[in-house]
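Going line by line, the protein sequences match chains Z and R. If you number the first sequence the way numbering that gives the first Met the number 0 does, the last residue is 171 and the count never jumps. If you number the second sequence the way numbering that gives the first Met the number 0 does, the last residue is 328 and the count never jumps.
There could be a bad hint or two in this list.
What the hints assert, rightly or not - Derived EDC-like pairs: lysine to aspartate or glutamate, alpha-carbon spacing no greater than 20 Å straight-line: (1) R:Lys-15 <-> Z:Asp-147; (2) R:Lys-21 <-> Z:Glu-49; (3) R:Lys-11 <-> Z:Asp-25; (4) R:Lys-3 <-> Z:Glu-169; (5) R:Lys-7 <-> Z:Asp-50; (6) R:Lys-11 <-> Z:Glu-169; (7) R:Lys-15 <-> Z:Asp-50; (8) R:Lys-7 <-> Z:Asp-125.
Bear in mind the hints are in silico, worked out from the structure with no lab data behind them. As the structure is a prediction and not an experimental result, all values here were calculated from the model.
The chain contents come next:
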Amino acid sequence: MKKINDEACKKALLKTAEGDGSALSDLYDMMGKTVLFTAYSVLGNYQDAEDAVQNTFYEILKCAKNYSSGDARAWVVSVAKRQALKILRDRRPVCELDDADTEYCETDHAERLTLLDALDRLSPTDKRIVTAHVLCGQTFSEIANEFDISDDAAQKRYRRAIEKMKRYYEGN
Amino acid sequence: MNDKKFEKLLNKEADKYVRENKDALMKSCGVDTKKEKPAILSVLPAVAAGVFLFAFAVICYIPVALKNNGTSSGTETAETTDTDGIYTQDFGKETSVTEETETMFDKSETETTMEIITQNNIYPEYSAIYVEYISRVRNGEILNKNEIDELTKYIDNNYFGIDLEYARASDDERKAIAEERGVDEATMNAYILLWTDAENIGKLEYYGYPKMTIQKICDIINESENFDEIIRKIGETDKFLSQVWQKKTGEYGYRYDFRSSEDNCYEYIDVYPADNSIMYHKVINDRNSKEYHYNYAVYLWNKDIEEGENHHITTDQIKDNLRLWNNDF
Numbered sequence: 000m001k002k003i004n005d006e007a008c009k010k011a012l013l014k015t016a017e018g019d020g021s022a023l024s025d026l027y028d029m030m031g032k033t034v035l036f037t038a039y040s041v042l043g044n045y046q047d048a049e050d051a052v053q054n055t056f057y058e059i060l061k062c063a064k065n066y067s068s069g070d071a072r073a074w075v076v077s078v079a080k081r082q083a084l085k086i087l088r089d090r091r092p093v094c095e096l097d098d099a100d101t102e103y104c105e106t107d108h109a110e111r112l113t114l115l116d117a118l119d120r121l122s123p124t125d126k127r128i129v130t131a132h133v134l135c136g137q138t139f140s141e142i143a144n145e146f147d148i149s150d151d152a153a154q155k156r157y158r159r160a161i162e163k164m165k166r167y168y169e170g171n
Numbered sequence: 000m001n002d003k004k005f006e007k008l009l010n011k012e013a014d015k016y017v018r019e020n021k022d023a024l025m026k027s028c029g030v031d032t033k034k035e036k037p038a039i040l041s042v043l044p045a046v047a048a049g050v051f052l053f054a055f056a057v058i059c060y061i062p063v064a065l066k067n068n069g070t071s072s073g074t075e076t077a078e079t080t081d082t083d084g085i086y087t088q089d090f091g092k093e094t095s096v097t098e099e100t101e102t103m104f105d106k107s108e109t110e111t112t113m114e115i116i117t118q119n120n121i122y123p124e125y126s127a128i129y130v131e132y133i134s135r136v137r138n139g140e141i142l143n144k145n146e147i148d149e150l151t152k153y154i155d156n157n158y159f160g161i162d163l164e165y166a167r168a169s170d171d172e173r174k175a176i177a178e179e180r181g182v183d184e185a186t187m188n189a190y191i192l193l194w195t196d197a198e199n200i201g202k203l204e205y206y207g208y209p210k211m212t213i214q215k216i217c218d219i220i221n222e223s224e225n226f227d228e229i230i231r232k233i234g235e236t237d238k239f240l241s242q243v244w245q246k247k248t249g250e251y252g253y254r255y256d257f258r259s260s261e262d263n264c265y266e267y268i269d270v271y272p273a274d275n276s277i278m279y280h281k282v283i284n285d286r287n288s289k290e291y292h293y294n295y296a297v298y299l300w301n302k303d304i305e306e307g308e309n310h311h312i313t314t315d316q317i318k319d320n321l322r323l324w325n326n327d328f
């Protein structure tokens, strides 16, 4: 994963605070993926994650002024996490209860890209581990700390998840 | 395919997915990326069109002017100026989008809360910690375990009782409570907002959802005699309060999150002190990797249950009575 330059990120954030729309666009280019997959790891599906991304950048546009110094990337990620948690709490019903055991509400997968679809098929924890490592650039030690497991266990779990994804991908 | 190659491919797809969503997302934020280009590029087509119109007008005008013996009025000049004026105005509209956004959101709610806390020197023995910690979290720092413990210990031990008392009070009683503490109502509301904020950004992000279970809550309800006792015991059992909000009617509600025993679930209870009700919610997400979610809700406690003295409820009864949550609070 390409490393995000914190100085550039900080600059874009400060410019956004001044109301510069193109700076928000630059910030999206730098942080969009991290924000999307941070939200995805909390919410577990792309539809809600996209809503969270939208809320996050809208919130950044409103509140970039609150950012003064420190790690700009972490600041953006903390906004994304808060927005994802908000969506998680505010979820509303989408299916009849009677159907709960037999049918599921499926969203349209036609547009989904194959590898991201494979990611979607992992268990929530595996999904979070793969997302954190591959798409958000977290180290195994950071992941281990978050899940309260050893570094080795985090690596093993990651490898197993990747194998599962590969099987699905190659089978399609 | 080796892992590295696979990771690269995954990143590539993710980049593509993010790129595809960009325009729509920026538009929803009031930023049109297609218009966000250097000013000179935006003006060039307008200037070119202006020059063309001007040249066209001059070409058409010369024969007429000559025919009119070379006399000229000021009208034509004014029309050309108007044309230029229209282009300038259009360009101004494009750039005003972000200015509007800026004035719409002068100050965030949290910022205002922080100001009230700082300016009014609320609970001075604690506010310094709050202001420092919350500011640090907002600036992207991650607090260490001791700092989070300090923050949450003080939230739970010092605010739960106070704020609950305040939240349940009538308007007059609130005034009296605020007076007694030497603060105004806005300040009291600020306490509650700050308390919630601290919980959300500090505790949940650090610990994940606390390990309260629906079984524990049912046990508490069964062992308690009344609503007050239930909520006091819930507060004592686990520090898992996550949200406080105010309904339009002015009543406060409290949300307690807990991690479900099932991996794909998220559960919480909502407590409404104003009508002595406790509602249990269960959100199911992502089972068998299908994208969907349900939100079930059932009253664990309400006034009817209390008045009928039939407040004993089991987890089996909850399962039996689970119904679709379909009301708007």
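Hints numbered earlier in the text: which of these fail when held up against the supplied structure?
Hints 1 and 5 are the ones this structure does not satisfy, whereas the remaining hints hold.
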